[in-house]
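> Next come the chains, spelled out residue by residue.
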Amino acid sequence: MRLILPLSITFITGMIMVLHFFVPHQPIKLLGDNLQEWYMIVASAAIFLGALNLMHVHFRKIKLKLKNWKYSPVTIIGFSVMFVTGLIYGVTEARPFDFLFMNMVAPMASTMFSLLAFFVASAAFRAFRASNWRATLLLTSAFIVMLGQVPIGAMIWDKIPLAKVWLMTIPNTAGQRAVMIGAAMGVVSTSLRMIFGIERSYLGGTD
Amino acid sequence: MNWEILGIWLGAMLTLCLYSFLYRDNPFYKFAEHLFVGMSAGYWVIYSIENVLKPNWWQQMFPEDGGFNWIWIIPGIFALFMLARIIPKIAGLSRMALGMIIGAGAGVNMVGFFQTNAMAQVKGTIISVSSGGAWDIISNIILVVGVITGLVYFFFSKAHTGIVGKTANVGITILMVAFGASFGYTIMARISLLIGRCQFLIFDWIPTIPRLLGIGG
Amino acid sequence: MASILEKLGNLDRRIIFVLIALSVIIPVTLKLIFPNPVGAEPSRDMYEYVDALPEGCDVLLSFDYGPSTMPELHPMAIALATHLMRKDINVVCMALWPEGASLAQEVMTSVGDSLGKVQYEDWCNLGYKTGGGIMIVRLGSSMNAVFPTDRDNLPWDEIPMLEYISDLTSFDLIITLSAGDPGVPAWVMMAGDRFGVPVGGGCTAVSAPQYYTYLQTGQMVGLLGGLKGAADYETLVGIENGQAIEGMAPQSIAHLVIMSFIIIGNLAYFSQKRKGGRG
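These protein sequences, in sequence, are chains A, B and C. Heads up: the first sequence is residues 112 to 318, going by our numbering. Heads up: the second sequence is residues 46 to 262, going by our numbering. Heads up: the third sequence is residues 35 to 313, going by our numbering.
Hints in this document: simulated from the structure, not taken from any laboratory. Where hints are given, some of them may not hold.
Using 20 angstroms as the maximum straight-line C-alpha spacing, the simulated EDC-like pairs for lysine to aspartate or glutamate come out as follows [unchecked claim]: (1) B:K99 <-> C:D186; (2) B:K99 <-> C:E192; (3) A:K176 <-> B:E78; (4) A:K172 <-> B:E78; (5) B:K99 <-> A:D144; (6) C:K121 <-> C:D206; (7) A:K178 <-> B:E78; (8) A:K181 <-> B:D70; (9) B:K99 <-> A:D209; (10) C:K65 <-> B:D249; (11) C:K121 <-> C:E155; (12) A:K178 <-> B:D70; (13) C:K151 <-> C:D92; (14) A:K181 <-> B:E78.
Produce the entire structure from the sequences given, and follow the hints as far as they go.
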């Protein structure tokens, strides 16, 4: 029973969505439309679950004085400040919640990802080797794109941007398309396995 | 100090705290990192309440003109099931909510991916390889051969030996060119993010320093 | 020479960090501007498609990114919003990412105010919704069901510009500014292929190569890829000193520095290999 019920729900919801695509008429339409709206509510609960879990982890870290526990209050306070200001002032522009987002969250998120610029450069220096002809091809392709994407490429030789456009439109499209079709077939088969209850790992553990 | 300058300084200080990681891991970085995680989570929760739960659930269940739409209890129950995961005794209930999310996602994605990322791509590859100039013909042949041989490379049900192996070798060559292009674009993306932060520090933050010290404008 | 290459091969990574930082900081500080020619790129296709839209039509602009990719996608958003508003096109904004709702408001307010456009008459921000692709499918049958209110909880019926909007097919074009998933694939799959609405957009440079397949099949009308795409659009729209155009000089120099690193790294590698082979 612990598995049958969730697997039945997966089957029913999955089939409703598949039928909704092929038969967009009543009563499938009504079921599908409602399910799509309910999905948003349940997916939002997943965000709450994530936040609750985050708080649980950090309170536990403080309680057990685990490694780096001294920083856990920072996370808890950061969450609380955002949560309380959001509840009091709402998300409207030029209010405290918006101020905190634009001046604290946004710069931190941008900076966090910009750190990758340094590590990508360092990794390329250490690991990007033309050790065989295919690796050389990869490197050449990368160089053409890196030059063709910026104005200096055209300043060096005006054919470089043209080479980049051709490389992106033909060989890149061919390669990406092969990956895309392969991945799509994977998604289709995995989805079928989920809908028919063959794939159950998402339910956690075995029963 | 006005709010604008305070905002710029908050952003700049947190930016510098995070960049300090480039030297080595340190308390300033850890502080900003933990603050970022907490504030981001808070932001997501508030937006879920304000933009999703309030208008799409609460106000549907209790409309402004009065009344009560009982049907909206169902997604509410499923949402509670999802949260049950944090209480070990009733954590099993979350499987119902997961079942709904996974089932609906699988149903939509199965047809969506098949239509868009499989069928439309196959259709896009069925092109004439004999029309246009010489360069167009070469390009079209590369495109068609590249897709077919690339797919053969990803076909693992047959050993890559003999003609299959040779075809797969052509496929991997095309894939290498595509991966090289992806690498070039990745470098570009990361540098762009760094440029954005430098523009902020140089054009927004640094000019406020003399203003704060009372020098110049 | 070989020993120099060997030493260079073992360079402390912090020296690389400093050189990368300088390659960006110096051109930014000097405000170096390189001319940005726009060739037969997907960004030009995007511009031409938007430019051919009739005055007064409706475009859905979806902000599917967060601050982590702001330096790439924000300039695109500003350039696109400027182009759309200059052409008197009604812009309806929404977001598949929560942060996108705030960023949309910021862009639309600043561009709208500078061009004298009024919120709720010329543009509106419907805000964020969870659900990605599944939510888009629902938009295909009813916009109002997904957005009973806008971002600031103003009811749909009280927003004048939404009077003639019923579902996704009410729009002449959907533009997604996408940093990943949900983003371009979800819109192409659920809005473009399922409901037949033209889809175009911008994305981070990381994901641009994979979307070229959608361009060749005509599933997308155009694409702005990364900061270069943003700079192209700024150039085509005629935005002077746009953030992306200003970014092209440091981008060029940083690329040259990284390419030099790769070349030096390879020279060191081959020098060591040759030495190893002799020994």
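> When the hints from earlier in the document are held up against this structure, which numbers fail?
Failing hints: none at all.
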